[in-house]
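Colleague: Listed below, chain by chain, are the residues.
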Amino acid sequence: MLVVSLNSEKKINQKLENSVLVSLDSVKKTYEDGKISVRALRGIDLKIAEGEFTTVYGPSGSGKTTLLNLIGALDKPSEGQVKINGSIINELDRNGLALLRRDNIGFVFQSYNLIPVLTAYENVEFALKISSSNNGNPVRNSKERSAQILEQVGLGDMLDRRPNELSGGQKQRVAIARALVKEPRLVLADEPTANLDSKTSKEVLEIMLEMNSKLKTTFIFSTHDPMVMEYAGRLLEIRDGKITREERR
Amino acid sequence: MYLSKIALRNLFRRSGRTLIIAGVLAFAIFFAIILETFMAGMMEMSFSNIIDFDSAHLQIARPELFADNEDPLDHLFTPTEEVLTEIEKLPGFVATTPVLDFSANMLAGREEYPVRVRAAAPASFKEVFRYQDYLIEGDFLQAGDSGLVIGMNLAEILDLQVGDFYTLLFREEGGSLNTIQGEILGIAATPEPGMNLGTVIIDQSFAASALGVSSSEINQLKVKMTDRHSAVARSESLEKQLTGSLAKDFQVNSWRDVSDMLVAMEVWGQLETYFIVALILLVGAIGIINVVVLSSLERVEEIGMMKAMGLSEKQIVKIFSIEASGLGVIGGLIGAGLGAVGTYLLVNIGFDLQLLYGDITLELGIPILGTIYGVWKPQSFIIFFTLAVTVALISSLIPSYWAARKDPVDAIYHR
Ligand SMILES: Nc1ncnc2c1ncn2[C@@H]1O[C@H](COP(=O)(O)OP(=O)(O)OP(=O)(O)O)[C@@H](O)[C@H]1O
Ligand SMILES: [Mg+2]
Numbered sequence: 043m044l045v046v047s048l049n050s051e052k053k054i055n056q057k058l059e060n061s062v063l064v065s066l067d068s069v070k071k072t073y074e075d076g077k078i079s080v081r082a083l084r085g086i087d088l089k090i091a092e093g094e095f096t097t098v099y100g101p102s103g104s105g106k107t108t109l110l111n112l113i114g115a116l117d118k119p120s121e122g123q124v125k126i127n128g129s130i131i132n133e134l135d136r137n138g139l140a141l142l143r144r145d146n147i148g149f150v151f152q153s154y155n156l157i158p159v160l161t162a163y164e165n166v167e168f169a170l171k172i173s174s175s176n177n178g179n180p181v182r183n184s185k186e187r188s189a190q191i192l193e194q195v196g197l198g199d200m201l202d203r204r205p206n207e208l209s210g211g212q213k214q215r216v217a218i219a220r221a222l223v224k225e226p227r228l229v230l231a232d233e234p235t236a237n238l239d240s241k242t243s244k245e246v247l248e249i250m251l252e253m254n255s256k257l258k259t260t261f262i263f264s265t266h267d268p269m270v271m272e273y274a275g276r277l278l279e280i281r282d283g284k285i286t287r288e289e290r291r
Numbered sequence: 005m006y007l008s009k010i011a012l013r014n015l016f017r018r019s020g021r022t023l024i025i026a027g028v029l030a031f032a033i034f035f036a037i038i039l040e041t042f043m044a045g046m047m048e049m050s051f052s053n054i055i056d057f058d059s060a061h062l063q064i065a066r067p068e069l070f071a072d073n074e075d076p077l078d079h080l081f082t083p084t085e086e087v088l089t090e091i092e093k094l095p096g097f098v099a100t101t102p103v104l105d106f107s108a109n110m111l112a113g114r115e116e117y118p119v120r121v122r123a124a125a126p127a128s129f130k131e132v133f134r135y136q137d138y139l140i141e142g143d144f145l146q147a148g149d150s151g152l153v154i155g156m157n158l159a160e161i162l163d164l165q166v167g168d169f170y171t172l173l174f175r176e177e178g179g180s181l182n183t184i185q186g187e188i189l190g191i192a193a194t195p196e197p198g199m200n201l202g203t204v205i206i207d208q209s210f211a212a213s214a215l216g217v218s219s220s221e222i223n224q225l226k227v228k229m230t231d232r233h234s235a236v237a238r239s240e241s242l243e244k245q246l247t248g249s250l251a252k253d254f255q256v257n258s259w260r261d262v263s264d265m266l267v268a269m270e271v272w273g274q275l276e277t278y279f280i281v282a283l284i285l286l287v288g289a290i291g292i293i294n295v296v297v298l299s300s301l302e303r304v305e306e307i308g309m310m311k312a313m314g315l316s317e318k319q320i321v322k323i324f325s326i327e328a329s330g331l332g333v334i335g336g337l338i339g340a341g342l343g344a345v346g347t348y349l350l351v352n353i354g355f356d357l358q359l360l361y362g363d364i365t366l367e368l369g370i371p372i373l374g375t376i377y378g379v380w381k382p383q384s385f386i387i388f389f390t391l392a393v394t395v396a397l398i399s400s401l402i403p404s405y406w407a408a409r410k411d412p413v414d415a416i417y418h419r
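Just so you know, the sequences run in chain order A and B.
By our numbering, the letter at position 106 of the first sequence is numbered 148, and the numbering carries on one by one without gaps.
By our numbering, the letter at position 166 of the second sequence is numbered 170, and the numbering carries on one by one without gaps.
Any given hint could turn out to be false.
[Unchecked claim] Chain A regions said to be covered by chain B (calculated; three or more residues, Cβ under 8 Å):
| # | segment |
| --- | --- |
| 1 | 65 to 79 |
| 2 | 112 to 118 |
| 3 | 134 to 141 |
| 4 | 148 to 156 |
[Claimed, not checked] Only part of the chain B face toward chain A is listed, based on derived beta-carbon distances under 7 Å:
| # | residue |
| --- | --- |
| 5 | TYR6 |
| 6 | ARG13 |
| 7 | ASN14 |
| 8 | ARG17 |
| 9 | GLU302 |
| 10 | VAL304 |
| 11 | GLU305 |
| 12 | MET309 |
| 13 | ALA312 |
| 14 | MET313 |
| 15 | GLY314 |
| 16 | SER316 |
| 17 | VAL413 |
Calculated from the structure, these hints are not laboratory results.
Backbone N, C-alpha and C define an ideal beta-carbon position, used for all residues, glycine too.
With the rest of the complex left out, here is chain A:
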């Protein structure tokens, strides 16, 4: 009996552990910029569970982008450990990081970063095809999936438009569709609404929330806009490279 209960307790712990998608352990990031060194993150401890919708809120220069880049395996910490989906990114080389990103993470950036020579539809399908071209097994129904996800973000009738034929909000929706199409575990959005007016911002955020509840995708997005803050399921406030407030709603 004793043995059994010990085992089941272990299982529960494991389950908890498994549902943690991202964990940061005393993470520091210092930029050496010539003679001056900028301490962008000064010790972050953080766990993000699967399916969470997290907002990182803080003023300009507080370290939001730096934090998201570490969580996104785009960069490595100067100190401490970052673990994404079981992989410790400190230990990965450039290729390893690229593979980790490809297979687990979707990105949305403030400046949309769509490929200008591809249509909305092609931008989305491209993201899907990358993984297939890399590991050899073709993605099935890439056409349907790409069209469907664009439909879901409300761009069903703009598949063939090039980025320069779309508004800022529409571009950001394409970017979200692109991030979501390969059904990653984690979507990181660094100030996705910073270039949008408040109405469009709300639409974009609502789409992200909807996707979060529909697909159970984990979202982390950053903002310095207090209005946007209220969409958070979990709010992290960051100042001078430290988490100063944490709140679940």
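For this one, chain A is given, so just place chain B with the ligands on it according to the hints.
Modeller: This is chain B with the ligands only, laid out in the frame that chain A set:
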């Protein structure tokens, strides 16, 4: 698939830049193709002129004659039946004619000019050479006649006309001086400049009696063959046959052995072509590097996004390389197209060397007069096209790697 799509669309998005660089490559290819065509045409004509008017395809003579051209009269022989039969048995044999060459000074009035006298058997000479087709005045040789056929440049220098008297001053086999005299029978203007100036032609039977040698004694047999390329190989087998089974002391030279200078020129021509091509492709390569660097700078954020999405560096390099190769293909196609048009014009209309350079061909010793026609060289189209694409591809690699290795964070935020 998407990588090429992105690459090619970028190529056409920047059509101005694409056209400029492709234009540079196209010009290089065009220029190289035309130069090759032209050189090949010039060589082709030079060789056929030498063959048609001077050397024929094969020459059979005593080895000493080829070794020492000073006293051709010392190296006479009489072609025997079995030698002639052996020659006629050669695959590709067309005709043969005996020739007795010797040196003399041509005297006319107070002028004196050194010439090579070629004593020829008129009937068979016509079957081997085309000299007689280029008479501009008078008649060709008659058997037994003292008449002399000379080239138009010599006629001009010595101010000679058909019917004028000539004197040839020469040194006999023994060493004493002797002369041949007669009338100018004909004046020829051949496309082979050497024959227009330095060579006069006389009937062989008449010359033999004037020289005091037997009429069957000659110093060369000239042979015309169906094809000049196989003739080179035949010269060796014939020589083996003559010196081996017939145990005769003969050397057989092909047109190529006498055209040493031209063969050397051909090599130089090739080198020159490649040098110019290398130079222009270098310019093309710099252009390509420029394009790749510029477009990767313009597309930093795009590259950053691709890296964030997990594209490997290899895949990013591929995009830029396809783009650069596309430039090479466009440039190569335009260049080959222009080259084809240029070659067509050169082959069918030709190019008048004298119009451009005056009589320079004479001074350079190129055995061509008048219009040069190009020659189709399909392999040069393939070679230069491939070269353009390869240069484009190779010169894109380093800047592509540079672009692909950008730090994703720096690239995305364009820092
Ligand atoms: N590559 C870098 N080199 C030097 N300093 C940097 C670099 N990147 C960021 N920093 C500095 O690190 C600190 C945190 O920057 P970060 O971009 O993470 O802030 P942020 O919260 O995203 O700000 P914003 O709202 O303006 O985007 C800032 O002081 C910034 O100047
Ligand atoms: Mg930022």
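Colleague: Each hint: holds or not?
Modeller: Tested hints:
1. 65 to 79: violated (count 0)
2. 112 to 118: holds (count 3)
3. 134 to 141: This one holds; 4 residues, not fewer than the three required, reach chain B with a Cβ under 8 Å.
4. 148 to 156: holds (count 5)
5. TYR6: holds, 5 Å
6. ARG13: holds, 4 Å
7. ASN14: Result: holds, 6 Å to nearest chain A Cβ.
8. ARG17: Hint holds; B:ARG17 Cβ to chain A Cβ min 6 Å, cut 7 Å.
9. GLU302: Hint on B:GLU302: violated, closest Cβ of chain A at ~10 Å, above 7 Å.
10. VAL304: violated, 10 Å
11. GLU305: Result: holds, 5 Å to nearest chain A Cβ.
12. MET309: Hint on B:MET309: holds, closest Cβ of chain A at ~4 Å, below 7 Å.
13. ALA312: At 5 Å from the nearest chain A Cβ, B:ALA312 passes the 7 Å test, so the hint holds.
14. MET313: Holds, because the Cβ-Cβ distance from B:MET313 to chain A comes to roughly 6 Å (cut-off 7 Å).
15. GLY314: Status holds, d = 2 Å.
16. SER316: With a minimum Cβ separation of about 6 Å from chain A (threshold 7 Å), the hint on B:SER316 holds.
17. VAL413: holds, 5 Å
Violated hints, in rising order: 1, 9, 10; the structure is consistent with all others.
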